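Asks: Listed below, chain by chain, are the residues.
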Amino acid sequence: MTDTAPLGQFEQLVLTAILTLEENAYGVTIHARIEELAAPRKIKLGAVYATLDRLEDKRLIASWLSEPTKERGGRSRRHYRLEEDGEAALRDSAQTARRIYETIAARWGGLAWKLQS
Amino acid sequence: MEAPELRSPPERLERLVQALIPPAAREAVAGDLRELYQSSPQYISMAARTIPFVLISHIRRNANPPVLAIQGFFLFCCIMAVSLVPEGPLGRALAVALSALFLIGMLLADAYQGADPPSPKRAIIETILVTASVVMFVLHEIFALRAAHRLADSEFGLFMWALVPFAMPVLAGLRALMILARERREQLLGERMDPSELKAQYRHFQAQTRLRSWIQSLLLLGSAAGFACLCATYPVPAAALAWSLVSIYAVVGAYLLINGAAPGLPDKADFLSLRSLFQSELLRQHEIRRLIFWLWPTPLLFAVFAAVTTRPRSDIEPVLMLYALPATVLLCFFVAIINRERNSQIQEKIGILARMRQRQGP
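Chains X and U supply the protein sequences, listed in that same order. The first sequence begins at 1 in our numbering and counts up by one. The second sequence begins at 118 in our numbering and counts up by one.
Treat each hint with caution, since some may be false.
Listed next, with one range per pair, are the computed distances between beta-carbon atoms [to be verified]: (1) L335(U) with E22(X): 43 to 53 Å; (2) R209(U) with Q9(X): 41 to 51 Å; (3) S364(U) with A39(X): 51 to 61 Å.
Because the hints were derived from the structure by calculation, they are not lab data. Fair warning: this is a prediction, and the values are worked out from it, not measured in the lab. Every residue gets a Cβ at the ideal spot worked out from N, C-alpha and C, and that includes glycine.
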């Protein structure tokens, strides 16, 4: 268990996106991955930045600037990666989500409930 | 074969959007928006939906609630002292509304403050504008006091010849000197470092914060004890507020003693984690210092508040309006410029850390 407060759903999405993107996690790619994960919900890019700032303040992620690139008009990308506490917080959230899923699945019968919706 | 031309927003539009993004996030956000560019309307729409979030996030990150409370308190006292503001509940409501507006303006100014220091010329102009505003306020009060036959000519002359000509060049000179001193200072952090060098820099920084926290904590706890004796011995106006001030000094002093110094290095910190820790501690230490710098003149603010708001304006001594209040305004301006200068230094250091690369090989 981590010492930090439980993650909100959007924070879980952002951390999952960073986890899966590995070396390529920066604003644009994180936003695109969250839109895939949260489909059909539309996600605002600004909300992603605000959440990244909050997660960085909680020391769950770390960021750094890359070398400037031509396609960005000579600007750098801000890359992100999970910190140890971030990985632990995401693991806690995944365990809670699995327990919720198993409870619902036991009640509604496997994946049938998902297919009905 | 030639590479296909990259689609990019019109230069003027991009410059405008870039100016609206807070400097600390400008490079990353403006670059991301450019990567997502398809057409000008799409670019404008995306910028309009993104920038408010970025701005609010930066205001949240920069906001220091205790400092805001002190600044709000100070603004309220100053506005209440202006004779144009009516006395009574209406005047108080107006003062609260105007203080809130000023605070919002200050929060926006903080969010848009960059790492680059202003030019000495701009700093001098800022100082002249602030001192000129103080002079305008005092002149207005002088006319009001003279109309009420409450001011002798000698008091008027003393202010004009003593305070103003002294304050303006001194403040302007100090501000310009701080900027010039920063330009000459050697930059300790390099472009490339290996983890052991970064660890050594962090340990040095940690030792500095430990010593500073101890000294400040002792001074604050000592001052709290002194104020408590004063409040217990003499009848103090606005006693509840005076005891709150004593409590704030004691709480901040205790916090510094327990949690003021930067934390030790984690056992298994790699270069990235270490850099992240260094950046967040630089910011936290800056916020602590910002609060301490505002705490020291707070007893003076309290004295002005007690003098200005606990009796009718006709009973307030002219000397307070002509000397103490303008001197407090100039002192607070000085505290604000020290904090702003310090903030841009910290932002510069954080920027250097964000760009720093790990040195490869021996």
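Asks: None of the hints should be skipped; say for each whether it holds.
Replies: Here is what the structure says about each hint:
no. : hint                            : verdict
1   : L335(U) with E22(X): 43 to 53 Å : holds, 48 Å
2   : R209(U) with Q9(X): 41 to 51 Å  : holds, 43 Å
3   : S364(U) with A39(X): 51 to 61 Å : holds, 52 Å
In this structure, every one of the numbered hints holds.
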